[in-house]
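Colleague: Once you have looked at the hints, place chain W with the ligand on chain D.
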Amino acid sequence: MRPKLPLLTAVSLSRRYTPQLSPSRYPGHVPTNMFQKTLLAVGSGVTAFFNPRRGDIIATLGEATALPFLMYRLRDVMLSDATGRRILREKPRITSKSLNIDALRKYPANSVGKVYSEWLDLEGVSPDTRAPVRYIDDPECAYVMQRYRECHDFYHAITGLPIIIEGEIALKMFEFANTLIPMTGIGALLAPSRLKPKQRERLINIYFPWAIKNGATAKPLINIYWEEILMKDIQELRDELGIEKPPNLRELRKLKISHL
Amino acid sequence: MIRFAVTSRSCFRAAAKHCRPLRSGCYFSSTICAGGKAPEPTESEDIVRHTHSEGPPTPEIDHPNAPKPTESEDAVHSDRNAEVTLDDLKRVSKTTDLDPTKLKDQTKASYFGVASNDSLHVAGGSKKGVRPLFSRIQNDAYDVVIVGGGVSGLTLAASLKASPHTSALKVALIEGMSLESAARWDPSPDQLSNRVSSITPASKSFLEKIGVWEHVYPERVQEYDNMHVWDGVSGSRIQFDSFHLHPVGQSMAYMTENINLQHALLSYLSESAATGNSVTIFDNTKVEEITPTSVALEDVDLSSWPSVRMSNGSTVYARLLIGADGVNSPVRSYAGIESRGWDYGQHGLVATLTMEWNDRQNVAWQRFLPTGPIALLPMPDGKASLVWSTTPKLAAHLKSLSPEAFCTLVNAAFRLDMTDLNYLYTRFNAEDISAEFEWRDGLLPMEDEGAKFPLRVAEVQEGSRASFPLRMRHCDSYVAPRVALVGDAAHSTHPLAGQGLNLGQGDVATLSSVLEKAVVRGADIGDEVVLQEYWAERYPVNHVMLGVIDKLQKLYCTDAAPIVALRSVGLDVVNSLDWVKTMIMKQATGV
Ligand SMILES: Cc1cc2nc3c(=O)[nH]c(=O)nc-3n(C[C@H](O)[C@H](O)[C@H](O)COP(=O)(O)OP(=O)(O)OC[C@H]3O[C@@H](n4cnc5c(N)ncnc54)[C@H](O)[C@@H]3O)c2cc1C
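Residue numbers (this note's numbering), protein chains in the order written: chain D, 1 to 260; chain W, 1001 to 1591.
Each statement offered as a hint is correct.
Cβ-Cβ distance ranges computed for the label pairs, FRET-style:
#1 W:K1554 - D:V125: 48 to 56 angstroms
#2 W:E1404 - D:G124: 47 to 55 angstroms
#3 D:V125 - W:D1343: 53 to 61 angstroms
#4 W:G1345 - D:K213: 31 to 39 angstroms
#5 W:N1362 - D:T129: 53 to 61 angstroms
#6 W:S1402 - D:T83: 18 to 26 angstroms
#7 W:D1432 - D:L70: 28 to 36 angstroms
#8 W:N1362 - D:G28: 40 to 48 angstroms
#9 D:E240 - W:I1563: 36 to 44 angstroms
#10 W:E1431 - D:K196: 53 to 61 angstroms
#11 W:P1469 - D:T129: 56 to 64 angstroms
#12 W:G1345 - D:T129: 49 to 57 angstroms
#13 W:V1574 - D:V125: 49 to 57 angstroms
#14 W:K1554 - D:K196: 53 to 61 angstroms
FYI, nobody ran anything at the bench for these hints, they're computed from the structure.
From the three backbone atoms N, C-alpha and C, an ideal C-beta is built for every residue, glycine too.
This is chain D alone, in the form it adopts within the complex (with noise of 0.2 angstroms):
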C-alpha cells in the first residue's frame, strides 16, 4: 500500500469530525459531503500534476472533479442505448479472473481478446491494477466510473497507444472527445505543460488531432460489452465503430518524429 498523502489524511480527519452525512451505498463507498468534495479535486489536481503516474491521485480526481451531473451525464449516453442499458443492468466487471487472460492468449490473431492479452503483456499491466471507486455517492454512478475505468485498457488496446504519458494523452483527448466528460479532459489539459517539447509537438501535431476527430465521431465507447466481442476481428471492431487507428506512437518516439 501506497503512503498516504497529506491531503487525503485531511479528508479522512475531516470525516472523523463531522456528523455521519449519508450511509455507504454500496461496497468501498466513502461518503463525502461538498466541502470534502472540494478539497480532494484541488489537492489530487495538484498531486496529480506534479507526479503524473500516481494512479491512484488521478483517479481520485476523476472522482472529485466528475461533478455528480457529468456522471449523470454518462451514466444517461449508456441509459440512451440498448448495449449500454444491458451493461448497467447486468453491471459485468473486469478483473484478470472474470476475462481468463490466459484463454485470450490463445485466441485468433487480430481478434480483440487476442489484441487485448498482447498489449497486456506488451505493457506489463493487468486489468486488476485498476483503483476501485470510492466518492461517487450514487451507486449506478459508481458502477459507470468503475466500468470507465475498467474499459480503458481495452481503449488502449484498439488504439494501440502505450500507457507511457504521451499515449495516455492522446487516449484521454480521445475519451473527452468521445464522452465530453471532462474529468478525462482536465489530465489531457494539464500535463502537457510537464513534456518535452519535442513531445508536445508530437502530440499537438499529430495525435490531438486524430484524438479529436476520432473521439467526436465513433459511437460512444462506453457503450461496448467489451466481453462480449472478445473473439470479433478488431479491425472490423474498429471500422463499425468509425475509428482509425493511429501512427504508432514507439515507432514515432524511436525515430524522433513529431510531424507527419
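Modeller: Relative to chain D, chain W with the ligand alone:
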C-alpha cells in the same frame, strides 16, 4: 352544390343598416344556388367555402361509436328554397308578428331522440310537401338559434329554458351530429367514453342551479380533493390537499364523461318540453350557410336577422344567433370575428384506463414532461382518464402500440427519468418494454411508491385511444349584431388545467343572465349593445385563464437547465406556501 357564406362583417352591417337586400350585393345565395347560378364574389367580400372538413377537432382514429352526420336530405329541400321570392317574403313578413310569446305558441314540440331525419322534416315544416309561405316563415323564425349541440350549446338552451324570464323565448338548436345516442344513452357500467372533463365546483353549482345536475348519472362522476403536479425533469413538485380548498373540505373537481353531461342536458330539455318550454332541436343537420336576411318589412325589421340554411334544405331566421359550434365556428366566420392564437404543436392523447386497484380515487396526477404534460384523472370504480399531451409523432406511436406496451409506457411516463422514457419510446416489443420498465422502476426508492406516483395502470379500454390537436385561440370579440359566441367557438385552450369546458359554462352563465336582464327590460336580445355586456364580463376572465395556461405550457415545455432550475425553485417555494396554494385553488375551482 357549392356553398358560400358571406363572412364580411362590414357587408353584414351595411345590410343591417340599409335594409335593401337582394339587389344590394349581399347574397341570398340559397335562392341563387338553387336557381343554378353560382354567386360571384365581389371585391369587398370575403367568401369562404364550407366543406365538411371544417368542424371541431376530429379524433385521429375513428371512434367506433362516433355518429356520422347524414346528408341525404340535401337535394330534396333545396328545391323548396328556390320558390322563396322577394315578393313572397315581403308579403309574409308584413303579417308576421315576431313577439316571443306568440312565437312560442307556434313551436310544435321539441324534437330529439326520435329518428333524427324524421324530426328534420317536421321541424323544417316540409313533411307534408310545400306549405304556404306565411306559416313557414313564422315557424322558421326564432328568438335564439344555437348552432352546436356540444356541452356549451346544450347548456345555453337548458339555461334559457330554466329561467322564468327567458323560458318563453323561441329557441332552436342545430347540431351536425346525431344527438340520439346522447339522448338515449344507456351507459354500461364497465365502459367509459374517452371524452372526459373535469367539472369545477363553479360549473357544477351552475348546472345545479338550472336543474340539470340532478339528471347526471352520479355513479359515473368521480370527485377528487387532492392533486399532485410535478416536474418531470427536476422532480420538483406541488401538492394540493382538501385543506387548500375553500370552503375547506369541498371537492377540487368532478370528473365525468362529456356524454353524461350531454345526456343530462337533453333529459332536462325533454322534461322542460313536457311542461311546454320546448327547444326545437335539429340534429344530424349541418349549418351550411349563414347570410343576412334580405327582406325589408314595415313593422318588424327582419333584415338584420341572420338566416341559417341547414343541410336539410330548410332555413331558419335568428333574432339572436349563438355560435356554440366549436373551434372552427361557422357562426364566427359569418360574423367576421377574428380568432387569434397558435397551435401548440402537441396532440392530446386520451384513453380510458383501469388501474391495478380500486384505491386512492380522490387524487389527480399530472407530470410535466418536456414533450407536454401527462395527466391521470380518477374515474369511478378504479378507472381513470388519461390526457397525455405530446408531440403528434409520439401520439401516433403511442396509439399504434399494443395495449400492454401502451400501459407500460403510461406507467413509465409517470415514474421514470426522461432518458429512460426517451429510450422506451424507441421500443416496440411489449415484453422488451416491460422488462426495461420493471428494471428501472425497481431502482426507485420504496418510500416514493405510495406518495409520489399514481397506482400503476393495468389495462386500457379497447378503442379508447384517440388524439386531438391542441391549440390556443381567443376571439377579439364574442359578439356582433345578433351574434354571440360561447365555449370553444370563442376560445380554446390547452387541457393542462382542465378548464376548456368550464370556461364555456362560465360564458353560458353570464350570457343567460345578460339575456334575462334584456328580456326583463324589454330590450332586443339581438342588439349588440345588450350583448356587449356579456363580452365585457367574460373576456377578461377568459383572457387571464388562457394566458396563465399558455405561460405554464411554455414554461414546462423545455428541458433547458436554467429554466428548469428557475421553475423548480419557484414551484418549491409555492409548494411551501399554503396561502398561495389556497389562492391558486380558488382560481382553478372558480369559487
Ligand atoms: C384532450 C382534451 C381534454 C380536455 N379535457 C378537459 C377537461 O378536463 N376539462 C374541461 O373543462 N375541458 C376539457 N377539454 C375542453 C373541452 O372538451 C371543450 O372545451 C368543450 O368540449 C367545448 O365544448 P363546446 O360545446 O364549446 O364545443 P364542442 O364540444 O366542440 O361543440 C361544438 C359542436 O358544434 C357542432 N358543429 C360545428 N360546426 C357545425 C355546423 N356547421 N353545423 C352544425 N353543428 C356544428 C359540432 O358537431 C359540435 O358538436 C378538453 C379538450 C381536449 C381536446
